[in-house]
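S.K.: Mind docking chain G on chain W? Use the hints.
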Amino acid sequence: MAYKEQALIRLEGITKEFNGTIAVQDMNLEVQEGEFLCFLGPSGCGKTTTLRMIAGLERPTRGEIYLRGQRITDWPPQRRNIGFMFQNYALFQHMSVYDNLAFGLRVRRVPPAEIERRVRAVAQALELETVLNLRASRLDLSTMQRVALARILVIEPQVLLLDEPLNNFRPGLRELMRAELKRWQYQFGRTMVYVTHDQEEALTLGDRVVVMNAGRIEQVGTPDEVYWRPATLFVASFIGRPPMNLISVEYRISEGHALLSSLDFELRVDERRGIIEASRSLPHLILGIRPEQLQISDPQAPSPGDLVRIPVKVDLIRPLGRKLILDLKTRSGLLIQMVTPSTRRFTVGDDLEIVFHPHQALLFDPQTGQGLY
Amino acid sequence: MASIEVRQLHKRYGRITALQGLDFFAEDGEFFCLLGAPGAGKTTTFRIIAGLERPDMGEVWIGGELMNLIPAQRRDVAMVFEDVALYPHMSAFDNIAHPLRLRRLPEGEIRRRVGEIAELLRISHLLHRLPHTYSGGERRRVAIARAMVRRPRVLLLDQAFTDLDAKIRQEMAAELKRLQRETGQTMIYATHDFEEAVAMADRILVIREGRGVQVDEPQVLYDRPATAFVASFLGSPGMNLLRCQAIPEPEGTRFIHADFTLLSPVQLGEKREVLLGIRPEHLQILLSRAPGSVEAEVEIIQPLGLERIIDLRAGPFVLKAIASIDLPLQLRQRVWLLWPPEHLFVFDAATEERIYPK
Numbered sequence: 282m283a284y285k286e287q288a289l290i291r292l293e294g295i296t297k298e299f300n301g302t303i304a305v306q307d308m309n310l311e312v313q314e315g316e317f318l319c320f321l322g323p324s325g326c327g328k329t330t331t332l333r334m335i336a337g338l339e340r341p342t343r344g345e346i347y348l349r350g351q352r353i354t355d356w357p358p359q360r361r362n363i364g365f366m367f368q369n370y371a372l373f374q375h376m377s378v379y380d381n382l383a384f385g386l387r388v389r390r391v392p393p394a395e396i397e398r399r400v401r402a403v404a405q406a407l408e409l410e411t412v413l414n415l416r417a418s419r420l421d422l423s424t425m426q427r428v429a430l431a432r433i434l435v436i437e438p439q440v441l442l443l444d445e446p447l448n449n450f451r452p453g454l455r456e457l458m459r460a461e462l463k464r465w466q467y468q469f470g471r472t473m474v475y476v477t478h479d480q481e482e483a484l485t486l487g488d489r490v491v492v493m494n495a496g497r498i499e500q501v502g503t504p505d506e507v508y509w510r511p512a513t514l515f516v517a518s519f520i521g522r523p524p525m526n527l528i529s530v531e532y533r534i535s536e537g538h539a540l541l542s543s544l545d546f547e548l549r550v551d552e553r554r555g556i557i558e559a560s561r562s563l564p565h566l567i568l569g570i571r572p573e574q575l576q577i578s579d580p581q582a583p584s585p586g587d588l589v590r591i592p593v594k595v596d597l598i599r600p601l602g603r604k605l606i607l608d609l610k611t612r613s614g615l616l617i618q619m620v621t622p623s624t625r626r627f628t629v630g631d632d633l634e635i636v637f638h639p640h641q642a643l644l645f646d647p648q649t650g651q652g653l654y
Numbered sequence: 540m541a542s543i544e545v546r547q548l549h550k551r552y553g554r555i556t557a558l559q560g561l562d563f564f565a566e567d568g569e570f571f572c573l574l575g576a577p578g579a580g581k582t583t584t585f586r587i588i589a590g591l592e593r594p595d596m597g598e599v600w601i602g603g604e605l606m607n608l609i610p611a612q613r614r615d616v617a618m619v620f621e622d623v624a625l626y627p628h629m630s631a632f633d634n635i636a637h638p639l640r641l642r643r644l645p646e647g648e649i650r651r652r653v654g655e656i657a658e659l660l661r662i663s664h665l666l667h668r669l670p671h672t673y674s675g676g677e678r679r680r681v682a683i684a685r686a687m688v689r690r691p692r693v694l695l696l697d698q699a700f701t702d703l704d705a706k707i708r709q710e711m712a713a714e715l716k717r718l719q720r721e722t723g724q725t726m727i728y729a730t731h732d733f734e735e736a737v738a739m740a741d742r743i744l745v746i747r748e749g750r751g752v753q754v755d756e757p758q759v760l761y762d763r764p765a766t767a768f769v770a771s772f773l774g775s776p777g778m779n780l781l782r783c784q785a786i787p788e789p790e791g792t793r794f795i796h797a798d799f800t801l802l803s804p805v806q807l808g809e810k811r812e813v814l815l816g817i818r819p820e821h822l823q824i825l826l827s828r829a830p831g832s833v834e835a836e837v838e839i840i841q842p843l844g845l846e847r848i849i850d851l852r853a854g855p856f857v858l859k860a861i862a863s864i865d866l867p868l869q870l871r872q873r874v875w876l877l878w879p880p881e882h883l884f885v886f887d888a889a890t891e892e893r894i895y896p897k
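Going down the list, the sequences are from chains W and G. For the first sequence, this note's numbering assigns the number 282 to the initial residue and increments by one for each residue that follows. For the second sequence, this note's numbering assigns the number 540 to the initial residue and increments by one for each residue that follows.
Careful, some of the hints might be misleading.
Anything over 12 Å on all C-beta distances counts as not near chain G; from chain W, calculated [as the list claims (entries may be wrong)]:
1) Thr342
2) Ala512
3) Ser518
With a straight-line Cα cutoff of 16 Å, these simulated EDC-like cross-link-like pairs (lysine to aspartate or glutamate) come out [as the list claims (entries may be wrong)]:
4) W:Lys610 with W:Asp596
5) W:Lys610 with G:Glu710
6) G:Lys706 with G:Asp732
7) W:Lys604 with G:Glu846
8) G:Lys897 with G:Glu881
9) G:Lys706 with G:Glu677
10) W:Lys594 with W:Glu634
11) G:Lys706 with W:Glu634
12) W:Lys604 with G:Glu734
13) W:Lys604 with G:Glu820
14) W:Lys604 with W:Glu573
15) G:Lys810 with G:Glu788
16) W:Lys610 with G:Glu820
17) W:Lys594 with W:Asp631
18) W:Lys594 with W:Asp646
19) W:Lys604 with G:Glu790
20) W:Lys610 with W:Asp587
21) G:Lys810 with G:Glu790
22) W:Lys610 with W:Glu634
23) G:Lys897 with G:Asp887
24) W:Lys610 with W:Asp631
By construction, these hints were calculated from the structure, which means they are not laboratory data. Just so we're clear, the structure is a prediction, and the values are computed from it rather than from any experiment. Glycine is no exception: its CB is placed at the ideal position from the N, C-alpha and C atoms.
If we strip away everything but chain W, and leave its shape as in the complex, we get (with noise of 0.2 Å):
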């Protein structure tokens, strides 16, 4: 996606606090034109509240919101012709779905054989065409939730904000959507401002994914960038099933090479000694790996010696079909959790040796959270 200079959406400064609580604190993000963006964090986080500050709900106690550059702070959501859909559907409850549906349309002057087209073909797409006629009170949740999702969709906003918008989808029907989110954004370039705590839907649909954590942002960055070069603590095991593996290390020197050492294993890292060395908890470190980047040792097959080895008895076996988790104990007694192919068969007690590169080997500062790359 090519950027444009200036950003559609931008947010500078932005706090906001509720009787004394502060929701979200001094937030700074843009967004750009055409991009599908998710917010992804647990409950709390701030991510709603600043899904609803962008679309005019909420006014930020401090800082401001531009859109195209142009200062929107004080603006009514109506003028800002940004759709949005929030968890309450706020649906008219007298009015059949089709009515709903068609409601905003008619509001915006549209011609009634344009409104009959672009109602059925995005009520066929939300599997809603038998209940057109129905009242909107009549309707289960999950149906609410599509009829507010439909109602977006029909005026074909430029920006489309969505708070957890398929969480209560039947399972089939969620995937289709995304799929249909997707080409929305891709086919008629709409820009998405999307909530969810599924960090799965969020990998799936962001360009790039905001990380968020007690009001404030952890990290913004593309799929990729957040799973494998978390920037902080927080992100690194936040993101990922099973979560990544976090074990504390000392930093020290011994003839003339830098090295990590838990209880159970040591490697070094003299190329990173400079952004070691910078950090400001020393010698305490935290290594973080992936459960999918440790491999099981093969006598046969002797390994470089350059591989860090940790001696391991395996403690629990999930055989989640194609793959299997596996939790180890090491000799300290340490946890450690890896994916492997259920090729292989484990039993609890088995004796295995673990390896993994010193440079797949993820840093993080203790204290203040950051990763040291």
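M.R.: Showing chain G alone in chain W's frame:
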């Protein structure tokens, strides 16, 4: 500890059939799982085993003894539910000691047993605190301690961890499995989440509509599913299932639906309506056409560490495939799918039973 068996359990509530001929046998010291969608009959089964409910028909055997006429309090079965009910005004110690005090055990014995089980469950630090100060995982541990402290012959756990968040649920599963290994306690765990079941179970019984569908070790259920339901229920994502006509041809079988067509060298006999199945990890994505491949379009790409789950549209179907992150793929890209015949499954469309491989 004891084995447990149910034979031909039937139960109706008015017009709703909860169980229609459920059978299973869990061995002494086994960790057995009932896996099924909500409403499949798991909770009803537990209530009948515990003696809280009478079956319309069928038998419950514990340790080789017929239980049907034995009242609940004499069956020696303990149960842990999803909504853990601890006494809010009692400390963990008193909550756990409660069933022992009801049996008028001497106070010294009670203290010893509560201390022992608390240590096993790593909740010694909670013994003098009230329930409102516990985390979700700690509440579950206290509830399990209370259920196990009187050393029941069978422990039934009904979705005991389902409402906990993913990380704690994983920890609790590991903990319970360890506890079960160490104590040899016969446990039956009911859940609708296959990942939870495979983490703990020695064997899993898949239940659907009040009947057992298949009982096996987790990996066997995955590798040799007896029905299309089991195939789609186990796995993340589950098996791709495509409703097709299977038409015999000299070189094998042709699977057809609308503009989808696949010729595979498997032999099925006469023409019939089938569900063609393939696991996402066995569907191969090619970047150029090859003999026997099916054309498809990339609809969605879900990153998953070193792999990605790719949604592919092939004619009327959306299929899922697992691909390495090294394979360069983009949305809307045209690709070709290969279906290795050694990984094909075929189920009868009407009965959903596996017909290939035999």
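S.K.: Evaluate each hint against the coordinates.
M.R.: Right, here's what the structure says about each hint:
no.: 1; hint: Thr342; verdict: 30 Å, holds
no.: 2; hint: Ala512; verdict: 17 Å, holds
no.: 3; hint: Ser518; verdict: 9 Å, violated
no.: 4; hint: W:Lys610 with W:Asp596; verdict: 6 Å, holds
no.: 5; hint: W:Lys610 with G:Glu710; verdict: 14 Å, holds
no.: 6; hint: G:Lys706 with G:Asp732; verdict: 14 Å, holds
no.: 7; hint: W:Lys604 with G:Glu846; verdict: 12 Å, holds
no.: 8; hint: G:Lys897 with G:Glu881; verdict: 12 Å, holds
no.: 9; hint: G:Lys706 with G:Glu677; verdict: 14 Å, holds
no.: 10; hint: W:Lys594 with W:Glu634; verdict: 9 Å, holds
no.: 11; hint: G:Lys706 with W:Glu634; verdict: 25 Å, violated
no.: 12; hint: W:Lys604 with G:Glu734; verdict: 11 Å, holds
no.: 13; hint: W:Lys604 with G:Glu820; verdict: 10 Å, holds
no.: 14; hint: W:Lys604 with W:Glu573; verdict: 10 Å, holds
no.: 15; hint: G:Lys810 with G:Glu788; verdict: 10 Å, holds
no.: 16; hint: W:Lys610 with G:Glu820; verdict: 29 Å, violated
no.: 17; hint: W:Lys594 with W:Asp631; verdict: 6 Å, holds
no.: 18; hint: W:Lys594 with W:Asp646; verdict: 29 Å, violated
no.: 19; hint: W:Lys604 with G:Glu790; verdict: 34 Å, violated
no.: 20; hint: W:Lys610 with W:Asp587; verdict: 22 Å, violated
no.: 21; hint: G:Lys810 with G:Glu790; verdict: 14 Å, holds
no.: 22; hint: W:Lys610 with W:Glu634; verdict: 11 Å, holds
no.: 23; hint: G:Lys897 with G:Asp887; verdict: 12 Å, holds
no.: 24; hint: W:Lys610 with W:Asp631; verdict: 11 Å, holds
When the structure is compared with the earlier hints, violations turn up for hints 3, 11, 16, 18, 19 and 20 and for no others.
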